[in-house]
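Trainee: As a plain string of letters, each chain reads:
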Amino acid sequence: MATLKILVVDDEPGIRSGITRILRNFRVDYPFMDEAFDFEVLEAATGEAGIEIVESNQPDIVLLDNKLPGIQGVEVLAYIKEKKKNIIVVMITSYASLELAVKATSDGAYDFIPKPFTPQELKSCIENITKRVFLKKMTHTLQDTGKQIRFTFLSVLSHELKAPLNSIEGYLKMIRERQNGNKLEDYDVMIDRSLDRIKGMRSLILDLLDLTRVESGKAKRNIAEVDLVMIARTAMDTMRPYAIQRDVKMNLVSDGKIIIQADAEEMEIIFNNLISNAIKYNLDGGTVDCTLARQDGCIAITVVDTGIGMSAAEIEKIFDDFVRIKNEKTKNITGSGLGLSIVKKLIDNYSGKIEVISIPDQGSTFNVRLPIDKPCL
Amino acid sequence: MNHSNYTILIVDDDQDYLFQLQTKVERFGFKTITADGQREAEALLEKVKPDLAILDLMMENEDSGFILCFKMKKKYPDVPIIIATGVTAETGITFDVNDENNRKWIKADRFLDKGIRSDLLKEEIEKLLLQNSI
Numbered sequence: 001m002a003t004l005k006i007l008v009v010d011d012e013p014g015i016r017s018g019i020t021r022i023l024r025n026f027r028v029d030y031p032f033m034d035e036a037f038d039f040e041v042l043e044a045a046t047g048e049a050g051i052e053i054v055e056s057n058q059p060d061i062v063l064l065d066n067k068l069p070g071i072q073g074v075e076v077l078a079y080i081k082e083k084k085k086n087i088i089v090v091m092i093t094s095y096a097s098l099e100l101a102v103k104a105t106s107d108g109a110y111d112f113i114p115k116p117f118t119p120q121e122l123k124s125c126i127e128n129i130t131k132r133v134f135l136k137k138m139t140h141t142l143q144d145t146g147k148q149i150r151f152t153f154l155s156v157l158s159h160e161l162k163a164p165l166n167s168i169e170g171y172l173k174m175i176r177e178r179q180n181g182n183k184l185e186d187y188d189v190m191i192d193r194s195l196d197r198i199k200g201m202r203s204l205i206l207d208l209l210d211l212t213r214v215e216s217g218k219a220k221r222n223i224a225e226v227d228l229v230m231i232a233r234t235a236m237d238t239m240r241p242y243a244i245q246r247d248v249k250m251n252l253v254s255d256g257k258i259i260i261q262a263d264a265e266e267m268e269i270i271f272n273n274l275i276s277n278a279i280k281y282n283l284d285g286g287t288v289d290c291t292l293a294r295q296d297g298c299i300a301i302t303v304v305d306t307g308i309g310m311s312a313a314e315i316e317k318i319f320d321d322f323v324r325i326k327n328e329k330t331k332n333i334t335g336s337g338l339g340l341s342i343v344k345k346l347i348d349n350y351s352g353k354i355e356v357i358s359i360p361d362q363g364s365t366f367n368v369r370l371p372i373d374k375p376c377l
Numbered sequence: 001m002n003h004s005n006y007t008i009l010i011v012d013d014d015q016d017y018l019f020q021l022q023t024k025v026e027r028f029g030f031k032t033i034t035a036d037g038q039r040e041a042e043a044l045l046e047k048v049k050p051d052l053a054i055l056d057l058m059m060e061n062e063d064s065g066f067i068l069c070f071k072m073k074k075k076y077p078d079v080p081i082i083i084a085t086g087v088t089a090e091t092g093i094t095f096d097v098n099d100e101n102n103r104k105w106i107k108a109d110r111f112l113d114k115g116i117r118s119d120l121l122k123e124e125i126e127k128l129l130l131q132n133s134i
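Sequence lines, in order, name chains S and U.
The first sequence maps to residues 1 to 377 in this note's numbering.
The second sequence maps to residues 1 to 134 in this note's numbering.
Because the hints were derived from the structure by calculation, they are not lab data.
From the three backbone atoms N, C-alpha and C, an ideal C-beta is built for every residue, glycine too.
Please note that the accuracy of each hint is not assured.
27 Å max Cα-Cα, derived DSSO-like pairs, lysine-lysine [unchecked claim]:
{"#": "1", "chain 1": "U", "residue 1": "24", "chain 2": "S", "residue 2": "199"}
{"#": "2", "chain 1": "U", "residue 1": "71", "chain 2": "S", "residue 2": "81"}
{"#": "3", "chain 1": "S", "residue 1": "280", "chain 2": "S", "residue 2": "353"}
{"#": "4", "chain 1": "S", "residue 1": "115", "chain 2": "U", "residue 2": "74"}
{"#": "5", "chain 1": "S", "residue 1": "123", "chain 2": "U", "residue 2": "24"}
{"#": "6", "chain 1": "S", "residue 1": "326", "chain 2": "U", "residue 2": "71"}
{"#": "7", "chain 1": "S", "residue 1": "5", "chain 2": "S", "residue 2": "115"}
{"#": "8", "chain 1": "S", "residue 1": "67", "chain 2": "U", "residue 2": "71"}
{"#": "9", "chain 1": "S", "residue 1": "103", "chain 2": "U", "residue 2": "122"}
{"#": "10", "chain 1": "S", "residue 1": "173", "chain 2": "U", "residue 2": "31"}
{"#": "11", "chain 1": "S", "residue 1": "162", "chain 2": "U", "residue 2": "75"}
{"#": "12", "chain 1": "U", "residue 1": "75", "chain 2": "S", "residue 2": "326"}
{"#": "13", "chain 1": "S", "residue 1": "173", "chain 2": "U", "residue 2": "24"}
{"#": "14", "chain 1": "U", "residue 1": "31", "chain 2": "S", "residue 2": "103"}
Computed, partial: chain U to chain S, Cβ under 7 Å [said to hold, decoys possible]:
{"#": "15", "residue": "14"}
{"#": "16", "residue": "16"}
{"#": "17", "residue": "17"}
{"#": "18", "residue": "20"}
{"#": "19", "residue": "60"}
Which chain S residues stay away from chain U? Per the calculated CB distances, all over 12 Å, these [said to hold, decoys possible]:
{"#": "20", "residue": "21"}
{"#": "21", "residue": "22"}
{"#": "22", "residue": "164"}
{"#": "23", "residue": "182"}
{"#": "24", "residue": "204"}
{"#": "25", "residue": "212"}
{"#": "26", "residue": "244"}
{"#": "27", "residue": "319"}
{"#": "28", "residue": "357"}
With the sequences and hints as input, model every part of the structure.
Mentor: Laid out in structure tokens, this is it:
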């Protein structure tokens with residue numbers, strides 16, 4: 001039996017004693033968990049007292065009222081999220097301030113319970129959290145072995161692979177049922193969309209192969225002298241048909257050859273991704289400038305586009321696996337969401353750095369630095 | 001039931017699924033309005049009150065459908081909502097829609113698998129609309 005500590009921060013004594021009473025003999029036990037949980041309830045009447053208990057007693061769960069006499073619940077939430085990331089916070093809130101509770105969940109609260117709540121509602125909520133705490137514990141154990149990352153990756157991957165299959169299947173069914181009548185040309189849009197989804201899936205698989213290579217293929221790396229200018233030029237040539245279609249102009253600037261000791265294929269992956277993104281997320285009639293230079297013992301690669309740009313929040317996520325920026329401007333752009341994560345991993349392997357500067361609707365600049373013989377600043 | 005008297009809101013960020021579902025629902029005889037995400041749906045709901053909504057779960061964020069459902073129930077408590085789930089339910093990492101407690105909390109009227117057969121989907125929609133008109 002494990003005991004979870006629950007801290008109730010509420011200025012109404014009735015709520016505090018009620019929660020203590022409801023949870024006194026409550027236990028959570030599931031077949032899939034190898035241990036059962038019971039609960040110890042700690043009480044605080046103010047946010048200040050709550051923070052003290054958070055510091056001294058390390059609760060697992062905090063049930064937090066927002067309207068408190070001193071500092072407000074959201075401030076306690078902010079404190080916990082900054083200092084004690086592992087504590088799960090649930091907002092207790094009156095129905096009128098649900099809006100706030102929803103906002104609090106986006107600021108890091110796990111859930112919210114509207115007041116007044118029934119004992120059953122409280123128990124359900126605590127039960128959920130207990131399962132989550134259990135899963136979190138499991139996650140930590142798995143993470144140590146790297147299995148978790150693989151698991152997450154595989155589940156997202158299965159999602160990414162199934163979505164196009166589902167949509168193609170849907171179209172095929174519509175065609176089989178002759179939903180638009182008997183003329184073949186009335187199905188052109190469905191066929192084109194299916195082909196697009198297949199194309200997207202193929203590019204996902206190609207990216208996956210790149211990723212596998214990055215993560216496991218170190219032994220196969222073929223390090224030799226590579227001219228990055230040539231690789232950049234080849235990447236641009238490959239993309240040229242697409243650039244012409246979008247009326248995007250590409251420029252390459254460098255002082256002669258830029259030689260580095262690297263695996264040519266890996267360098268190709270980096271340039272292909274950065275340049276194809278710069279075209280893909282550009283505006284029709286835009287430009288892509290790729291500059292290569294030697295700088296303080298490093299090679300500086302800059303790819304600048306005049307495209308749709310990104311917000312600060314979007315930039316934070318773009319190097320993660322399967323992240324695609326979803327908004328009005330990107331809704332017709334396809335991609336696997338793996339390109340930049342592969343680029344980042346490759347650059348890390350060379351002890352290099354990649355940075356992004358971007359302004360929405362003006363464009364993005366990707367700065368890459370690769371060390372020649374010493375670490376880059 | 002005169003289907004053409006009912007407007008059904010469909011929200012999904014996969015434009016193909018959105019199109020396919022819209023075609024299906026229109027073939028049942030219903031009027032449809034669509035949105036490709038939580039944000040667009042919220043804007044649409046400011047102007048229109050549909051008779052029923054079918055929402056995808058994982059859109060801008062992994063729980064967009066849930067938030068949208070929550071907000072919609074607050075604005076139009078009487079409009080039945082179907083949450084169409086597909087792949088997220090299987091991963092077990094994101095929001096678990098098969099969990100009884102989560103379901104209670106989300107307050108959606110039905111959770112249906114995205115691959116549901118047309119005739120069953122039609123039945124579910126009719127059932128919810130009828131329930132509502134009583």
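Trainee: Next step is simple, just say for each hint if it's right about the structure.
Mentor: Structure-based check of all given hints:
{"no.": "1", "hint": "U:24 to S:199", "result": "holds (25 Å)"}
{"no.": "2", "hint": "U:71 to S:81", "result": "holds (25 Å)"}
{"no.": "3", "hint": "S:280 to S:353", "result": "holds (23 Å)"}
{"no.": "4", "hint": "S:115 to U:74", "result": "holds (16 Å)"}
{"no.": "5", "hint": "S:123 to U:24", "result": "violated (41 Å)"}
{"no.": "6", "hint": "S:326 to U:71", "result": "holds (21 Å)"}
{"no.": "7", "hint": "S:5 to S:115", "result": "holds (21 Å)"}
{"no.": "8", "hint": "S:67 to U:71", "result": "holds (22 Å)"}
{"no.": "9", "hint": "S:103 to U:122", "result": "violated (36 Å)"}
{"no.": "10", "hint": "S:173 to U:31", "result": "holds (22 Å)"}
{"no.": "11", "hint": "S:162 to U:75", "result": "violated (34 Å)"}
{"no.": "12", "hint": "U:75 to S:326", "result": "holds (26 Å)"}
{"no.": "13", "hint": "S:173 to U:24", "result": "holds (11 Å)"}
{"no.": "14", "hint": "U:31 to S:103", "result": "violated (34 Å)"}
{"no.": "15", "hint": "14", "result": "holds (6 Å)"}
{"no.": "16", "hint": "16", "result": "holds (4 Å)"}
{"no.": "17", "hint": "17", "result": "holds (6 Å)"}
{"no.": "18", "hint": "20", "result": "holds (4 Å)"}
{"no.": "19", "hint": "60", "result": "holds (6 Å)"}
{"no.": "20", "hint": "21", "result": "holds (21 Å)"}
{"no.": "21", "hint": "22", "result": "holds (16 Å)"}
{"no.": "22", "hint": "164", "result": "violated (8 Å)"}
{"no.": "23", "hint": "182", "result": "holds (16 Å)"}
{"no.": "24", "hint": "204", "result": "holds (15 Å)"}
{"no.": "25", "hint": "212", "result": "holds (21 Å)"}
{"no.": "26", "hint": "244", "result": "holds (26 Å)"}
{"no.": "27", "hint": "319", "result": "holds (18 Å)"}
{"no.": "28", "hint": "357", "result": "holds (24 Å)"}
Comparing the model with each numbered hint stated earlier shows that hints 5, 9, 11, 14, 22 do not hold.
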